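With chain A held as given, fit chain B onto it using these hints.
The primary structure of each chain is shown beneath.
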Amino acid sequence: MSIRSEPLVGLARPPRPALSRSGWLDREAVFSWLMMAPPLLFLAGLVGYPLVYGILLSLQDRAVAKPGHFVGLRNFIADFHDPIFWRVAVNTVVYTVAATLLKMVGGLGLALAMNQHFRVKNLVRALLLLPFIVPTVLSTVAWMWMLDPAFSVVNRLLIGIGVSPPGPSWLGNPALAMFSIIMINTWRGLPFYGITLLGGLQTVPPELYEAATIDGASGWHRFRFVTLPLLKPIILIVTLFSVIFTFADFQLVYVLTHGGPNNATNLFATYAFDLSMGAGQLGLGASVALAMLPALGLLIVALTLYMRKS
Amino acid sequence: MHVTSRRGFLKIATAGAAGAALSPALGRAAGKTVTLLHESSFIPPFDEYMKNMLAPAYEKETGVKIVYEIISVGSSPARIASISETGTGADITMNLTLIPFLYDEKYADVGDIAEEMGKEQGGWYPAAREMAIVNGKWKAIPFCSIGQLMNWRSDWFAEVGFKEFPGTWDELYEAGKKLKTKGHPFGFELGHGFGDNHGWLYPLLWSYGAHEVAEDGKTVTIDSDETARAVDFARKFFQDTMFEDVLGWTDPSNNKAWMAEQISCTNNAESILWFAKQNFPEIGEVTQQSLNPAGPKGRFHFLGAISHSIFNFSPQEKEAHDFLRWLSKPKQLGAWYDVAVSYYQPLLHAYDNASMWNVEPRNIPYRDALGTSHLPGWPAPPDRRLAESVAKYVVVDMFAKACAGASTKEVIKSAESQLRGIYKTA
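Line by line, the protein sequences give chains A and B.
Residues in the first sequence are numbered from 5 upward in steps of one, following our numbering.
Residues in the second sequence are numbered from 7 upward in steps of one, following our numbering.
If you are wondering where the hints come from, they were derived from the structure by calculation, not from laboratory data.
Only a predicted model underlies this, so the values are computations on that prediction, with no experimental measurement involved.
Any given hint might turn out to be false.
[Stated by the list, open to error] Here are the simulated DSBU-like pairs of lysine-lysine, each with C-alpha atoms no more than 35 angstroms apart in a straight line:
1. 430(B) / 70(A)
2. 70(A) / 71(B)
3. 38(B) / 70(A)
4. 224(B) / 70(A)
[Unchecked claim] Counterexamples of contact, computed for chain B against chain A with all Cβ distances above 10 angstroms:
5. 69
6. 76
7. 115
8. 128
9. 159
10. 174
11. 198
12. 222
13. 291
14. 336
15. 368
[Said to hold, decoys possible] Pairwise CB distance ranges (calculated):
16. 29(A) / 38(B): 42 to 48 angstroms
17. 265(B) / 139(A): 54 to 60 angstroms
18. 52(A) / 111(B): 51 to 57 angstroms
19. 292(B) / 166(A): 32 to 38 angstroms
20. 323(B) / 51(A): 33 to 39 angstroms
21. 215(B) / 137(A): 39 to 45 angstroms
22. 38(B) / 137(A): 41 to 47 angstroms
23. 171(A) / 367(B): 35 to 41 angstroms
24. 241(A) / 385(B): 53 to 59 angstroms
25. 255(A) / 215(B): 38 to 44 angstroms
26. 67(B) / 138(A): 43 to 49 angstroms
27. 35(A) / 111(B): 45 to 51 angstroms
Glycine residues also receive a C-beta, built at the ideal position from the N, C-alpha and C atoms.
Just chain A, with the same shape it has in the complex (with noise of 0.2 angstroms):
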């Protein structure tokens, strides 16, 4: 005798409809997939292929058109002994800690000037983001023109003061070298922060002012105990745009100064373009672009787990 289970009626699934197009695009889960995919691929493509490709070019003796051998960390290794790529390195960790701790503070100070009422304060507003907006090589040339020797504006008021002439070697002294990339990267950031800084003055709201001056707290204190405490997450979030932008500028050393003099302000960037395009050494290369990612990404976390606690 066998036993045969029938198949209980009552609870038996219903049969699914059968799909047609429009209904299948309907779904919430397949449209939202649709439009997600996109910026998904865009992503992919533009950022996702190029940092594996990068870190695959890193482990090869490829050189630029032929063919590459898997080398594992011997470019990383060839790094490691030359001396050019330590000196870049230092010069990268001055020109960004530098650089952004200068826009920072001049930031705070740009945007908590623009925060008071005065006549004309939205044309300001506008001519401030002036510096960051014409592109990076025209003003680099511009200021090219502004620390050369012979037309310098800046060595003409400092002799009209009293220095020496001809005044200083802006580009020609190591270090006046790097203080000048510093100041000009300063200066081309500053409404980035000035700007994004204001926008979250603007949301703080005016009654914690009031409560604070009624219970008598100095403008010192305001600043300290309401202002700051609410800027926090903005002004890092800023920080961390701004330390990735200004760890791999590439544009104003090349314009300027091309790493020189005596590689004074060549950056990783520039290091590695030299040597991807002007050597052909694109596994070479690659490894310099690539150390910065580690610290890059250490300050990412970093940040950004600073910013989940607090």
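Below, chain B without anything else, positioned relative to chain A:
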């Protein structure tokens, strides 16, 4: 109100994307076209002549359209890299200095055209073979050298007793000392430019009998008494005749300083005289040009090599080859040289006495320098390692560090260690 349905939106988006993807393919299918990639010339009529005269003439003769694609100065290495890596883009490219040695595997053999040109047009200067033959094959057709020579102010030199340009580096140093005292310093690039630094530092090194790597392409020879003497000379030459700014100069800097009457002597291509004559005639009048000074071991010059190559993956390789052969004939080539009035110095002896040399006699030294011109790194065979040394500014920075105050021993040791790393020798 009309509301687009989701399906409608997707249809439009898909159709748009497909249209965008297909349109370039449709454009490419029409007619035979050969694209020639060139960096923009400092002499504008040169580019105009190709665009308005040579390209239309060739199209009329053969039906093949020549697209002359001009890119900015200094951008050709990156562009050639992207064409080689992707296998798409121009069919023919202009090369600077060491480029044929980096891309030889992507370049077609053009030996038939080069040998024919040599036979028909008086023979090549040795420099032509030095710049274009890779592993025994012509991978480029030499076009010219853009020489780097001495540009000097005849009026100021005369004031300190020099009617002629000094014949040796030591004599030039004496003139420079006097001129600096009179407020007319020299200005030679010691920074990270493309050409004006190598343009005088390699010839200076060679003229003292020194080289970075030997002819075998293996032995690093930079640590020598000859190098030490060249470095010692460069240091005093910088300190007593120049000013600090030259350490950070890039290629436009000496031109600006020249037009601002800030310097009395520099090392540059003949464009400096061309520009002065066009825009500052009074400066142009007193601008003289001469061969580099001689050192204890002779007189040398920098080979500012320009050549043309065909990408071997080009679907129009045959058409490109035919066009270069046509361009290489004296009727076309000579006319193209002529419009630039000797800015591009031909490496074929047939042009040694061409009419372009009569236009401006002050340019004649650029022709006379061709016989003693070499690629950077000479006598080491040009290759990828040499390109790395140049890209890392090993020789330039060796001199620049000494000029900035480092000891001769220190800068030579540092250069030697870098070269050993590049050439992977213990």
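Numbers of the earlier hints that this structure fails to satisfy, in rising order: 11, 17, 18 and 21
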